[in-house]
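Novice: Listed here are the chains, written in short residue letters.
Number of protein chains: 2
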Amino acid sequence: MTWQRVVALSGGVGGARFADGLARALPRAALTVIVNTGDDFVHLGLYVCPDLDTVMYALAGVGDEERGWGLADETFSAMRMVARYGGPEWFSLGDRDLATHLLRTEALAAGESLSKVTTRLCGALGIDARILPMADGPCRTMVETADQGALPFQQWFVGARALPAVRAVRFEGRPPPAPGVLEAIEASDLVLIGPSNPYVSIDPILSIDGVRAALASKLVVAVSPILAGRAVKGPLAAMIPQLSGTPPSAAAIARHYGSLLEGIVVERGDERELENRAVLATNILMKTRDDRLRLAREALAFAMEIRR
Amino acid sequence: MTWQRVVALSGGVGGARFADGLARALPRAALTVIVNTGDDFVHLGLYVCPDLDTVMYALAGVGDEERGWGLADETFSAMRMVARYGGPEWFSLGDRDLATHLLRTEALAAGESLSKVTTRLCGALGIDARILPMADGPCRTMVETADQGALPFQQWFVGARALPAVRAVRFEGRPPPAPGVLEAIEASDLVLIGPSNPYVSIDPILSIDGVRAALASKLVVAVSPILAGRAVKGPLAAMIPQLSGTPPSAAAIARHYGSLLEGIVVERGDERELENRAVLATNILMKTRDDRLRLAREALAFAMEIRR
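Quick note, the sequences are listed as chains A and B, same order. Take the first sequence: its letters are residues 1 to 308, numbered as in this note's numbering. Take the second sequence: its letters are residues 1 to 308, numbered as in this note's numbering.
I should point out that these hints are in silico values taken from the structure, not numbers from a laboratory. All residues carry an ideal CB built from backbone N, CA and C; glycine is no exception. One or more hints might be untrue.
What the hints assert, rightly or not - Have a look at the derived ranges for each label pair, beta carbon to beta carbon:
no., chain 1, residue 1, chain 2, residue 2, range
1, B, Gly126, A, Glu89, 47 to 57 Å
2, B, Ala124, A, Gly173, 28 to 38 Å
3, B, Ser113, A, Trp90, 25 to 35 Å
4, A, Trp90, B, Thr246, 51 to 61 Å
To be verified - For lysine to any residue, the following SDA-like pairs were computed, each having C-alpha atoms within a straight-line distance of at most 25 Å:
no., chain 1, residue 1, chain 2, residue 2
5, B, Lys116, A, Gly86
6, A, Lys218, A, Glu144
7, B, Lys116, A, Lys218
8, A, Lys116, B, Glu144
9, B, Lys116, A, Arg84
10, A, Lys116, B, Tyr85
11, B, Lys116, A, Lys116
12, B, Lys218, B, Leu274
13, B, Lys116, A, Val211
14, A, Lys116, B, Lys233
15, B, Lys218, A, Glu89
16, B, Lys116, A, Asp203
17, B, Lys218, A, His43
18, A, Lys116, B, Gly86
19, B, Lys116, A, Ala278
20, B, Lys233, B, Glu144
21, A, Lys116, B, Lys218
22, A, Lys116, B, Val42
Unchecked claim - From the derived model, a few chain B residues whose C-beta atoms are all more than 12 Å from chain A:
no., residue
23, Val42
24, Arg104
25, Val158
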């Protein structure tokens, strides 16, 4: 037997790759991906949803595999011209990627909800899985830094290259969950937390009213975003000591989620730190699309085991 | 001696090419180009000013010479992606061109006026001439068609390929002239009307309050957009019979402007229809950038002659 109703919580690159594996490992339409929108921001007048787009592009098979964000075979002519005009250069949007932001911004301005626009764009890209923003309303991830005060996530992450040390992360705005979010969790047999940054990718989702409560009665399994003490991508390895006072490790991830998790999937070797947990130790690095599928299958099988 | 303060009225391609010639023929900063904004429209949420952009790109030397609109060496990746999403395909915006629309739309949304944004963008592109939109507020060119009722200009021109027969052209909105428009005309020694469509490119400018009155006391010379009964580009040759009941000719252009003009520059041979007018007959087709400069110099010299 296999899982029929699975929810994945996802941030950017790692979570998106894992969600792509899940979408291919599971029966058609069995997967709902609930995506962090705390990173969303307006750039050049466009409403940009980095994590939603990364998940959407990954599941459509059009994402850039090397860069981790944006579309494959992308060009950046518009941004070079923006630079020639003396416009902002700190955040780059690809030419084809602009189509996503243009259509979304136009639809939002016309009153369509973010979740409806997302469904429409995903449909046009031929995605079977359901991709839901965690909320239609704004919930902004703010990074409290030691040196520069509170920075909106993208200004810290991209603008300041995630260099300023982090004192705390908080979320501004308390939007209700997007339609379908709580329902999908409640109807699910399994919830998987992708290998995303817990502080800035998953915690925003968990901050949405009703999400933690809905998860409390569910089988929840996470895939560690830390392997052998390092993050595959992004600033997580530096954030863990800053925010938890402990070294970066899969154990720190497990501690962060606490009683939310029934089990955790970690890199082979990292299971030694996790003696009191249901752990699957495997190769969690997703270099290829095949890796995604393999890891998804292993995580689904592991969850089936611990359900018994 | 040469002209020190010249105003050019311009629509799209022809007027922009002539303005480029003028900018190079005249002393630095002697030229003010007042540009039609009746074609402006919102596409994909972006505020697009086709004529302003064509003039700006021509004077910056970055316009596409073949196509007549947009930027040289342009790519269209964003629009192909828009099409993949099922978005509107009837109006194409180049990738680099998008930078213009994005920065302008963002600035307008932040409360900057169209004329100020235009000055800023022109400055970034290194343009010495002053380029002014005819108005900061909306004045929309509406084309009354026999078959399809009233169409906004771009929907008629691009969307319907200018095929529906035109009964009348009218302008919706009565914005005041943009700051500097009347002042530039009043301070000018010479006003040149570029080889633009009189009905949809120049008449919108003339419809702005105060423009006709300011022009009445000025030396005004037009360059015919019709040569040997044909328009170089666009729907003008078909519009003249529809709107004036006479065949397309340089004489029809002269009649249209009436007493506004002191003289007209026409294609060699077309002067035969214009016996009671001050006429310069020359080669008015601008194939190369050299042609623009030559025609500009000839028009300026002709105006100097008829001023005496």
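Novice: Look at each hint and say if it fits the structure.
Specialist: The hints, checked one at a time:
Between Gly126/B and Glu89/A the Cβ separation comes to about 19 Å, which falls outside the hinted range of 47 to 57 Å. Judged by the Cβ atoms, the range 28 to 38 Å given for Ala124/B and Gly173/A holds: they are separated by roughly 35 Å. Taken as a hint, the range 25 to 35 Å holds for the pair Ser113/B and Trp90/A, whose Cβ atoms sit roughly 26 Å apart. A hinted range of 51 to 61 Å holds for the C-beta pair Trp90/A and Thr246/B, which are about 58 Å apart.
With a C-alpha separation of about 15 Å, the suggested pairing of Lys116/B with Gly86/A holds against the 25 Å cut-off. Of the pairs offered as hints, the one joining Lys218/A and Glu144/A is violated, with about 32 Å between alpha carbons and a cut-off of 25 Å exceeded. Under the criterion of a C-alpha separation no larger than 25 Å, the hint pairing Lys116/B with Lys218/A is inconsistent with the structure, at around 57 Å. In summary, the hint linking Lys116/A to Glu144/B is not supported, as the alpha carbons are separated by about 37 Å, beyond the 25 Å threshold.
At roughly 18 Å between alpha-carbon atoms, Lys116/B and Arg84/A fall within 25 Å of each other, so this suggested pair holds. Between Lys116/A and Tyr85/B, the direct Cα distance comes to roughly 14 Å. Compliance with the 25 Å bound is thereby established for this hinted pair. Pair hint Lys116/B plus Lys116/A does not hold up; C-alpha atoms about 37 Å apart against a cutoff of 25 Å. Between Lys218/B and Leu274/B the alpha-carbon distance is near 21 Å, which keeps this suggested pair within the 25 Å criterion.
A C-alpha spacing of about 48 Å is found between Lys116/B and Val211/A, which places the hinted pair above 25 Å, so the restraint is violated. For the given pair, Lys116/A sits about 43 Å from Lys233/B by alpha-carbon distance, which is inconsistent with the 25 Å threshold. The suggested pairing of Lys218/B with Glu89/A is violated, with an alpha-carbon distance near 45 Å, which exceeds 25 Å. With a C-alpha separation of about 43 Å, the suggested pair Lys116/B and Asp203/A falls outside the 25 Å cut-off, and the hint is violated.
For the given pair, Lys218/B sits about 46 Å from His43/A by alpha-carbon distance, which is inconsistent with the 25 Å threshold. Under the criterion of a C-alpha separation no larger than 25 Å, the hint pairing Lys116/A with Gly86/B is consistent with the structure, at around 15 Å. With a CA separation close to 63 Å, the supplied pair Lys116/B and Ala278/A exceeds the 25 Å bound. For the hint pairing Lys233/B with Glu144/B, the CA-to-CA distance comes to about 21 Å; that is within 25 Å, so the pair holds.
Proposed proximity of Lys116/A and Lys218/B is contradicted: the alpha carbons are some 57 Å apart, above 25 Å. Simply put, Lys116/A and Val42/B have alpha-carbon atoms about 22 Å apart, close enough for the 25 Å limit, and the pair holds. At the 12 Å boundary, the C-beta of Val42/B falls inside the reach of chain A, the nearest C-beta of that chain being 9 Å off. With a least beta-carbon separation of about 9 Å from chain A, Arg104/B fails to lie farther than 12 Å from that chain, contradicting its non-interface assignment.
In this structure Val158/B is separated from chain A by more than 12 Å, as the shortest Cβ-Cβ distance comes to about 18 Å.
Taken one by one, the earlier hints fail for this structure at numbers 1, 6, 7, 8, 11, 13, 14, 15, 16, 17, 19, 21, 23 and 24, listed in ascending order.
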